[in-house]
Amino acid sequence: MQQKNSQFDDRSATRFESFSTPLVASMPTESALRLQPSLARAIAGPAGRIADLTCMSAALIYLALWAGGGRPGISSNVLDFLSMRISIGHFAVLAVCLMLWHTIFSYCGLYTWQHVQSMKGLPGRVALATFLSSLIAGRTISTIWHHGHFVREALLFWVISGSGVMLSRIAIGLFHRYVQPHFRKSRYAVIVGKRARAGRIAEELKAHPKWDYKILGRVDSVVSQSKTPAGCLGQIGDLEDILLKQVVDEVIVALPAKSDYAAIEHTISVCERVGVQVQYRDDLFFDASRRGRCYRERYDDRKVILKMVEDDYRHRIKRGIDIVGALFGLILCAPVFLVVAILIKSTSPGPVFFLQQRYGLGRRIFRIYKFRTMVVNAEAAQASLEHLNENSGPVFKIFKDPRVTKIGAFLRRTSIDEIPQLINILKGEMSFVGPRPLNLRDVGLFSEAWLMRRFSVKPGLTCLWQIGGRSNVSFDRWIELDLQYIDNWSLELDMKILARTVPVVLRETGAA
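As numbered in our numbering, residues 926 to 1437 make up the sequence shown, in order.
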């Protein structure tokens, strides 16, 4: 028995070590006509439902145009259709039709991903759903127009709606397969556990194509003095250092609760301290999840995720606000870009924009855009000015920085230099509200692991400490306000911060 277990451990370890390279998961398929689960979920999800009802509504309008005068052809009936007096009753009829169609599509299995996973069965389900829906549409149109062409209208609606629904599902599938992966960021994960269990977890991750994981390696729960094996990043006591030295989005715990309770608790405690998401496959929670800093999320009744920041529909709303606001802001500020560019170029030699590497979500490095407010090579001159640093923490700040140009002082005072960060917001690297992004030099001087928890959310254009005053906020208070924002985040809080930012900017009293 021991020999058998040993062989299994070796095989699992070999499988795990093969995942030291980036993981792009793929599901083995039984046939070429079988969709991957993630693709089937996309087709059967909200996008598929919206596309279906849009196609059905468009087909109904087309049918109304076609049948408006009781004869074929659209051009002669457009004016008749448009001259109709739209009443609340028409909207009520449309609403009832949409609800009935949605019910029919659900009954036919078009909103259950397992049922649409087979391309062989999908056309049949679409044909059945649209045929039943055409009976409703044909009766509706023939009743409104008071003529007896029910069969003709039902057949026409069936052909149009069926073709539209099928084409829309193909379009969603193509988008999900070929376009969406370019916008999806891989999740960097570390597995805490022994070789055999870690190997099984790695295999399971590979079997879920919806998750694009890159396994960095594993952390062994067994303290050993022997040489570190391939694929092992270190031991459980090294976990905090490992999380601080590289970008890690998630720590996956692969330890049995009964025998490794202390190691699991230590892992979750470390992850909470540095702001890294934890995933554990059991119904096990610790004080960290009850203090409001972690949020529980169940998956398939087997996996529990403890998140540092709750991820729900509000984050999608926040991202939508960022996109719309950034687009509107860039269009509105286009003349400002031109004027500021002329002022900078005419008063100081060098580029218009200042690009610097900053830490973003999960300590990913990105380039921040700002209008240049300092002389060229200002960063190189910072070393000679370190003794003038007026900030008590690692962040470098001088009240009257000699490197700032005259026009730069005005741009900073009015916060105009921050406008180009709308580009970062549009790219998804920043948000309108969040902790301010710090440069590599400042973060390199962080001496305590808990400071890293500020990187568990996207950096922002404005935040609590920035609207609280100019540069008289101490570093400790600065971090305290950042963590306060993270722990109490809500859309309402974001709106309050944005509302307070406007008068602060106009009065030129915000933090520089």
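No wet-lab data here; the hints were simulated from the structure.
Accuracy of the hints is not assured; some may be wrong.
[Claimed, not checked] Below, a list of computed lysine-lysine pairs in the DSS-like style, where the Cα atoms sit at most 30 Å apart: (1) Lys1352 <-> Lys1170; (2) Lys1270 <-> Lys1331; (3) Lys1270 <-> Lys1325; (4) Lys1170 <-> Lys1139; (5) Lys1325 <-> Lys1295; (6) Lys1170 <-> Lys1110; (7) Lys1331 <-> Lys1170; (8) Lys1110 <-> Lys1243; (9) Lys1243 <-> Lys1270; (10) Lys1119 <-> Lys1243; (11) Lys1139 <-> Lys1352; (12) Lys1352 <-> Lys1131.
[To be verified] Pair by pair, the computed Cβ-Cβ distance ranges are: (13) Asn1364 <-> Phe1335: 21 to 31 Å; (14) Phe1262 <-> Ala1182: 12 to 22 Å; (15) Ser982 <-> His1074: 19 to 29 Å.
Glycine included, every Cβ here is placed at the ideal spot set by N, Cα and C.
30 Å limit on alpha-carbon distance, applied to hinted pair Lys1331 and Lys1170:
39 Å, violated
Take the C-alpha atoms of Lys1352 and Lys1170, compute the straight-line distance between them, and say whether it is at most 30 Å.
25 Å, holds
Going straight from one Cα to the other, do Lys1139 and Lys1352 come out at no more than 30 Å?
Answer holds: Lys1139 to Lys1352 is near 22 Å, not above 30 Å.
Take the C-beta atom of Ser982 and the C-beta atom of His1074, compute their distance, and say whether it sits inside 19 to 29 Å.
21 Å, holds
If I claimed the Cβ atoms of Asn1364 and Phe1335 lie 21 to 31 Å apart, would that claim hold in this structure?
23 Å, holds
Against the 30 Å threshold, does the CA-CA distance of Lys1270 and Lys1331 hold or violate the hint?
This hinted pair holds, its Cα atoms lying about 12 Å apart.
Given pair status - Lys1243, Lys1110, alpha carbons within 30 Å:
Holds, at about 18 Å.
Checking one constraint from the list: CA of Lys1119 to CA of Lys1243, max 30 Å. Satisfied?
39 Å, violated
For the pair Phe1262 and Ala1182, does the Cβ-Cβ distance stay inside 12 to 22 Å?
57 Å, violated
Given the proposed pairing of Lys1325 with Lys1295, does the C-alpha separation stay at or below 30 Å?
Roughly 19 Å separates the two Cα atoms, so the pair holds.
Proposed proximity, Lys1325 with Lys1270 (alpha carbon, max 30 Å)
With a Cα-Cα distance of about 22 Å, the restraint between Lys1270 and Lys1325 holds, given a limit of 30 Å.
Given the hint that Lys1352 pairs with Lys1131, test it: the Cα-Cα distance must not exceed 30 Å.
Holds, because 28 Å separates the two Cα atoms, which is no more than 30 Å.
The earlier numbered hints that this structure contradicts are 7, 9, 10, 14.
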